[in-house]
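The whole structure should be built from the sequences, with the hints applied where relevant.
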Amino acid sequence: MGLEQFLAEDKPALSKAWFDLILGTYPPETSALLQKDKNQFSNPVGYTLSESISGIIDEMLGDFDREKVLPLVDKVVRVRAIQDFSPAQAVGFVFLLKKIVRNRVEVGIREKRVSPSEVLAFESKIDELALMAFNVYAGCREKLYELRVNEVKNRTFRLLQRASLIAEIPEHDTQLKNGQDSIT
Amino acid sequence: MAKVPKPNELVFDYNVPQKWWMDTKPEFKPGTWCYPGKAKNLEVLGLPNPREWSPLDEDWKLPSNWKEIIFEGMRDCLNKYRSLRVFMDICVRCGACSDKCHFYIGSGDPKNMPVLRAELLRSVYRKDFTLAGKIMGRIAGARELNEEVIKEWFYYFFQCTECRRCSLFCPYGIDQAEITIIGRELLNLLGVNIDWVVGPAANCYLNGNHLGIQPHAFKDMIEFFVEEIEAVNGVRIEPTFNRKGAEVLFITPSGDVFADPGTYTLMGYLMLFHEIGLDYTWSTYASEGGNFGLFTNNDTLKKLNAKMYAEAERLGVKYIIGGECGHMWRVIQQYMDTMNGPADFLEVPKSPITGTVFDNAKSTKMIHIVEFTADLIRNGKLKLDPSRNDHLRVTYHDSCNTSRGMGFFDEPRYVIENVCNNFWDMPPNCIREQTFCCGSGSGLNTDEFMEMRMRGGLPRANAVKYVHDKHDVNMLSTICAIDRAVLTPLMNYWVPGVDVTGVHEMVGNAIVMEGEGERTTDLRGNPLEGMEDLSDEDL
Chain A
-12 MGLEQFLAED KPALSKAWFD LILGTYPPET SALLQKDKNQ FSNPVGYTLS ESISGIIDEM
48 LGDFDREKVL PLVDKVVRVR AIQDFSPAQA VGFVFLLKKI VRNRVEVGIR EKRVSPSEVL
108 AFESKIDELA LMAFNVYAGC REKLYELRVN EVKNRTFRLL QRASLIAEIP EHDTQLKNGQ
168 DSIT
Chain B
48 MAKVPKPNEL VFDYNVPQKW WMDTKPEFKP GTWCYPGKAK NLEVLGLPNP REWSPLDEDW
108 KLPSNWKEII FEGMRDCLNK YRSLRVFMDI CVRCGACSDK CHFYIGSGDP KNMPVLRAEL
168 LRSVYRKDFT LAGKIMGRIA GARELNEEVI KEWFYYFFQC TECRRCSLFC PYGIDQAEIT
228 IIGRELLNLL GVNIDWVVGP AANCYLNGNH LGIQPHAFKD MIEFFVEEIE AVNGVRIEPT
288 FNRKGAEVLF ITPSGDVFAD PGTYTLMGYL MLFHEIGLDY TWSTYASEGG NFGLFTNNDT
348 LKKLNAKMYA EAERLGVKYI IGGECGHMWR VIQQYMDTMN GPADFLEVPK SPITGTVFDN
408 AKSTKMIHIV EFTADLIRNG KLKLDPSRND HLRVTYHDSC NTSRGMGFFD EPRYVIENVC
468 NNFWDMPPNC IREQTFCCGS GSGLNTDEFM EMRMRGGLPR ANAVKYVHDK HDVNMLSTIC
528 AIDRAVLTPL MNYWVPGVDV TGVHEMVGNA IVMEGEGERT TDLRGNPLEG MEDLSDEDL
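So the sequence lines, in the order shown, correspond to chains A and B.
Residue numbering for the first sequence follows my numbering, starting at -12 and increasing by one per position.
Residue numbering for the second sequence follows my numbering, starting at 48 and increasing by one per position.
None of these hints come from the bench; they were simulated from the model.
Treat the hints with caution; some may be incorrect.
As the list claims (entries may be wrong) - Derived DSBU-like pairs: lysine-lysine, alpha-carbon spacing no greater than 35 Å straight-line: (1) K158/B / K25/A; (2) K517/B / K62/A; (3) K25/A / K517/B; (4) K85/A / K158/B; (5) K(-2)/A / K291/B; (6) K127/B / K140/A; (7) K87/B / K66/B; (8) K512/B / K3/A; (9) K114/B / K127/B; (10) K365/B / K349/B; (11) K72/B / K114/B; (12) K291/B / K409/B; (13) K23/A / K66/B; (14) K3/A / K86/A; (15) K62/A / K86/A; (16) K86/A / K66/B.
Claimed, not checked - Here are some chain A residues the structure puts well away from chain B; computed CB gaps all over 10 Å: (17) A(-5); (18) D24; (19) S41; (20) G49; (21) D50; (22) R53; (23) R97; (24) E105; (25) A108; (26) K112.
Here a beta-carbon is modelled for each residue, glycine too, at the ideal position from N, C-alpha and C.
Okay, here's the thing in structure tokens:
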């Protein structure tokens, strides 16, 4: 756990560096706003990013409990999945963490407090995080199209049904209720 | 060993282009724009330049003298609406509005900042209508009108829901919604509109409602709900249609007639009116409370609004009660009186049950069903069993138009608190006059716009998530038909586990009706609290 301990020495700075790089993926006016306003409701995107990232860092430097990490990744990706990003940009924020860690561990490696194999192991965790983000992203986009399809289906189906223009095959339960025999 | 890349080589380029706003152009990506108005719908409404076109085309087939048309239109609007001239001149670009827009908060696109959206129009105004702009051009924030500007207007004026949250924070009170309204009015002069607006407006003009439901089908649908109610509590309701001499004409958005969950709200109206014995009628001609003319142009707005009053006059009713709708009330409260009012042939609404006179509607003669119901409850005229909504843990979304458009904050909450036992408001900076928009209003509630709708609805959903996590809220109530339709997918994406209801659906659940049998389910067929086993056996 040498690397994790080494990075944990300045955990807030690590979170902030990652947060700042993510903000850099937004236009300058927007990144200023995302950073400035700390209110959970007037700045939901900034708040969600900052809270989730700090939670992910805690897990990355701690037990890496996947059940705790996934909802945090979900919060970030759910937002980026519907913003003006390509799929790679939407999930690529995870790899920004590699950039930060590599910069930081240079000193640790030089001082022999961190071994290169620990860096590789930590990067594997980041890779796993990226795959989680990819799963969430795909789920969000599927959901988006499912919502579209449902909206179109409901629009026409309910109308036809209400206007008595279609005959529905009764549910099995309803037949029982009415004491009807099954068709066969 | 393979070469390990340096940190900087590892991550692809994230840099955002640093250009001035005048030099960035919108990219028409799927999900961020709505399909254009079909020629046949423009023809029905008598709108100019009907044609088939797409925003993805290079050539938008604008009329050859389109520039002249826009300048003439701007001149006309500036002369007609003094407010517009003030809004164009007075903005000091302080930025108070910039982070108040739900689309900006959700998308992060700077041109969704209200100040910048207004600047799209203001820059053209400066160039051609102010001396400073004529002489100094860009330095004075002025720019030439060209086709790219029209495309940008289309993109961003149809990414504004006219919710007016930004206006609340403007120290000068600039009404950004009216800037968008004028922007769309100007675009309409060139035949640039979206089909989700002109389609419903054309249908409403021809058939009386947005979907073009014909009179017999409209009647069939209401009767379908009569059967549904009878199945829930055994009470048979007999609504009347186009009945001359009724005291009240009831008009609701057609969304309540055909789209779940609004349909359950409509069942609530039917039950309430039956129980108090209100002498009212439905109209199969004025069968739409919504008015998509508001999102088209002034002329269409006026035409569609006039239809409701023409029908009220034809039927000889005393006044109109309107259902749970958002923008209908913006039109009635703010524009009806100067467009088609005063409605002198009607009487000032007076509740036949309580005797309350609704002086607030002295001129328009139209009251909101929620104020009517709140008055009934206040006077003890309804027998209510709020425990029938105990399976619901409720919060309330103030619709932009009823809250910021007419100051309607307490009546809905009063009704909700009388018909259900579990109610939690969202945090103060997300409700009442500061309410966040659903993200799909002003005719943007179409499926092809889903991605942008999820961006616009993000701040609202975020606040709902808070009460969902904290109080286990599972029901979002609202008094707007568009809200009822669009908050459902919004919740599905952002806060699964929260459903959407109209306030009168909960009234319908709670109202104890004369001669009713024991209820085991709510209006949706879900078992009431403590009745889970009974309703299973019932099946």
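Cross-check of the supplied hints:
no.	hint	result
1	K158/B / K25/A	22 Å, holds
2	K517/B / K62/A	17 Å, holds
3	K25/A / K517/B	20 Å, holds
4	K85/A / K158/B	32 Å, holds
5	K(-2)/A / K291/B	75 Å, violated
6	K127/B / K140/A	44 Å, violated
7	K87/B / K66/B	40 Å, violated
8	K512/B / K3/A	25 Å, holds
9	K114/B / K127/B	20 Å, holds
10	K365/B / K349/B	22 Å, holds
11	K72/B / K114/B	19 Å, holds
12	K291/B / K409/B	23 Å, holds
13	K23/A / K66/B	22 Å, holds
14	K3/A / K86/A	13 Å, holds
15	K62/A / K86/A	22 Å, holds
16	K86/A / K66/B	27 Å, holds
17	A(-5)	20 Å, holds
18	D24	7 Å, violated
19	S41	18 Å, holds
20	G49	23 Å, holds
21	D50	23 Å, holds
22	R53	20 Å, holds
23	R97	16 Å, holds
24	E105	15 Å, holds
25	A108	15 Å, holds
26	K112	16 Å, holds
Violated hints, in rising order: 5, 6, 7, 18; the structure is consistent with all others.
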